[in-house]
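Got chain U sorted already, so can you dock chain D onto it with the hints?
Residue numbers (this note's numbering), protein chains in the order written: chain U, 1 to 228; chain D, 229 to 456.
Calculated directly from the structure, the hints in this document are not laboratory data.
Keep in mind that the hints are not guaranteed to be accurate.
Said to hold, decoys possible - EDC-like, lysine to aspartate or glutamate: derived pairs with alpha carbons at most 16 Å apart:
hint, chain 1, residue 1, chain 2, residue 2
1, D, K434, U, D44
2, D, K369, U, D151
3, U, K206, D, E349
4, D, K230, D, E349
5, U, K97, U, D48
6, D, K450, U, E189
7, D, K450, U, D212
8, U, K224, U, E38
9, D, K434, U, D136
10, U, K222, D, D395
11, U, K206, U, E189
12, D, K230, D, E324
13, D, K369, D, D379
14, U, K141, D, E417
15, U, K141, D, D379
16, D, K369, U, E189
17, U, K2, U, D44
18, U, K97, U, D136
19, U, K97, U, D171
20, D, K230, D, D395
21, U, K206, D, D440
22, U, K2, U, D136
23, U, K222, D, E445
24, D, K452, D, E283
25, D, K325, D, D395
Said to hold, decoys possible - Across the chosen pairs, the derived CB separations fall in these ranges:
hint, chain 1, residue 1, chain 2, residue 2, range
26, D, L372, U, G29, 20 to 28 Å
27, U, P179, D, M291, 28 to 36 Å
28, D, Q286, U, N69, 53 to 61 Å
All figures in this text were calculated on a predicted structure; none of them were measured in a lab.
Idealized CB from N, CA, C, for every residue including glycine.
Protein chains: 2
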Amino acid sequence: MKRYVLIVAGGKGSRMGNDLPKQFIPIGGRPVLMHTLERFHQWDTSADIILILPEAHQSYWNMLCEELNCQVPHRIANGGETRFHSVRNGLSFVVEKGLVAVHDGVRPFVSGEVIGNCFAEAGESGAVIPVVSLSDSIREKGELGESHPADRSRFVAVQTPQIFRSDILLDAYQQPYSPAFTDDASVVEANGFPVTTISGNYENIKLTTPFDLLIAEAYVQKQKQCGL
Amino acid sequence: MKRYVLIVAGGKGSRMGNDLPKQFIPIGGRPVLMHTLERFHQWDTSADIILILPEAHQSYWNMLCEELNCQVPHRIANGGETRFHSVRNGLSFVVEKGLVAVHDGVRPFVSGEVIGNCFAEAGESGAVIPVVSLSDSIREKGELGESHPADRSRFVAVQTPQIFRSDILLDAYQQPYSPAFTDDASVVEANGFPVTTISGNYENIKLTTPFDLLIAEAYVQKQKQCGL
Numbered sequence: 001m002k003r004y005v006l007i008v009a010g011g012k013g014s015r016m017g018n019d020l021p022k023q024f025i026p027i028g029g030r031p032v033l034m035h036t037l038e039r040f041h042q043w044d045t046s047a048d049i050i051l052i053l054p055e056a057h058q059s060y061w062n063m064l065c066e067e068l069n070c071q072v073p074h075r076i077a078n079g080g081e082t083r084f085h086s087v088r089n090g091l092s093f094v095v096e097k098g099l100v101a102v103h104d105g106v107r108p109f110v111s112g113e114v115i116g117n118c119f120a121e122a123g124e125s126g127a128v129i130p131v132v133s134l135s136d137s138i139r140e141k142g143e144l145g146e147s148h149p150a151d152r153s154r155f156v157a158v159q160t161p162q163i164f165r166s167d168i169l170l171d172a173y174q175q176p177y178s179p180a181f182t183d184d185a186s187v188v189e190a191n192g193f194p195v196t197t198i199s200g201n202y203e204n205i206k207l208t209t210p211f212d213l214l215i216a217e218a219y220v221q222k223q224k225q226c227g228l
Numbered sequence: 229m230k231r232y233v234l235i236v237a238g239g240k241g242s243r244m245g246n247d248l249p250k251q252f253i254p255i256g257g258r259p260v261l262m263h264t265l266e267r268f269h270q271w272d273t274s275a276d277i278i279l280i281l282p283e284a285h286q287s288y289w290n291m292l293c294e295e296l297n298c299q300v301p302h303r304i305a306n307g308g309e310t311r312f313h314s315v316r317n318g319l320s321f322v323v324e325k326g327l328v329a330v331h332d333g334v335r336p337f338v339s340g341e342v343i344g345n346c347f348a349e350a351g352e353s354g355a356v357i358p359v360v361s362l363s364d365s366i367r368e369k370g371e372l373g374e375s376h377p378a379d380r381s382r383f384v385a386v387q388t389p390q391i392f393r394s395d396i397l398l399d400a401y402q403q404p405y406s407p408a409f410t411d412d413a414s415v416v417e418a419n420g421f422p423v424t425t426i427s428g429n430y431e432n433i434k435l436t437t438p439f440d441l442l443i444a445e446a447y448v449q450k451q452k453q454c455g456l
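So that you can see chain U by itself, here it is in the shape it has in the complex:
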């Protein structure tokens, strides 16, 4: 079955404390985004990879690919105003029936096992997202600035890749935009299709802060040491 991978890299990186958008920051000598693309390409060299980038970043990205000799074939779609609009732009490349993975460009550490499990499950159920348990206790905030304990075992943290049958995802993205669309699962669910959850890998963090970047660099170095 045809496999599409949409890598969403629309972020401007304002939380990173760095002028360079976080998807371009080098870890282990190569930009975050290149690691992310390589993860999917290594798992399935025939996957059809679409990178969604703001137009303003595309020439810089092409230069990086040339300089660093990026070996991952991919096409580029224009980023939009929100994540929803970016993904919708990317979906214009989805012309064959198959499965479509949507993945955050700043999650370079998704495991091959999770990619494989998500594609397999999406083939069965039509819509799947990887989740992990919460590591800290949580509290719910009240309206008056107070807070009360919440049971963390009732919740899971959501990762990507979120993978869908192409007809389900394309149909869901016909809906008008809503600010309630925080990820692809929420778009698909709003269209009436239920989403299955499966176990993600804990290392698959979203690089958001300078601390995350330090983590990422350490993880890449460790993988190099271990010959991965």
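Positioned in the frame of chain U, the structure of chain D alone reads:
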């Protein structure tokens, strides 16, 4: 005002995939727990530090302290069956009026700023805990294996040190044990005293998995490079 610091290190580390309990695993050449003690000692060299350790680990810890020339004065209390029982044991050392911080032994990266803010706020409100926002989207699990999106902005992740006026904490720990006591805030609240939240520092992670340990090692190395 007298300041007590109770460091809780009762864990057996079963999630760590390592026979050595995680508080003893070396990062930057010294056990996690020693880093944690040093954080508080560096912030206030007059703080009265009580380390709560299972009896079975105490001779090993004393040996480590001697070998590594630990410079942090501290006394040792016996760990109990649960965190609640461990903290209650530690509270037997709290004999003067003052403020009592309770901190996870496996959170070596609390910042001096957060320690200071928590002590200051506890002096005002009587009970304070540091919290940070959630970095991932979350979903709430239903009873039938289904799940639905939850608004992560309604929740915060809870860290330590949790700091209290000694009379408030001692009184709360007179209550009989309940499995609902997941941290000290929940014990104090069950006793009818409200808890204030303030901003924690994002790096103050609880070292739980091998990936966390990798993060910790990287962070310690980085601090050494930067002369911290």
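Which numbered hints fail: Violated: hints 1, 3, 6, 10, 11, 18, 22, 24, 26, 27.
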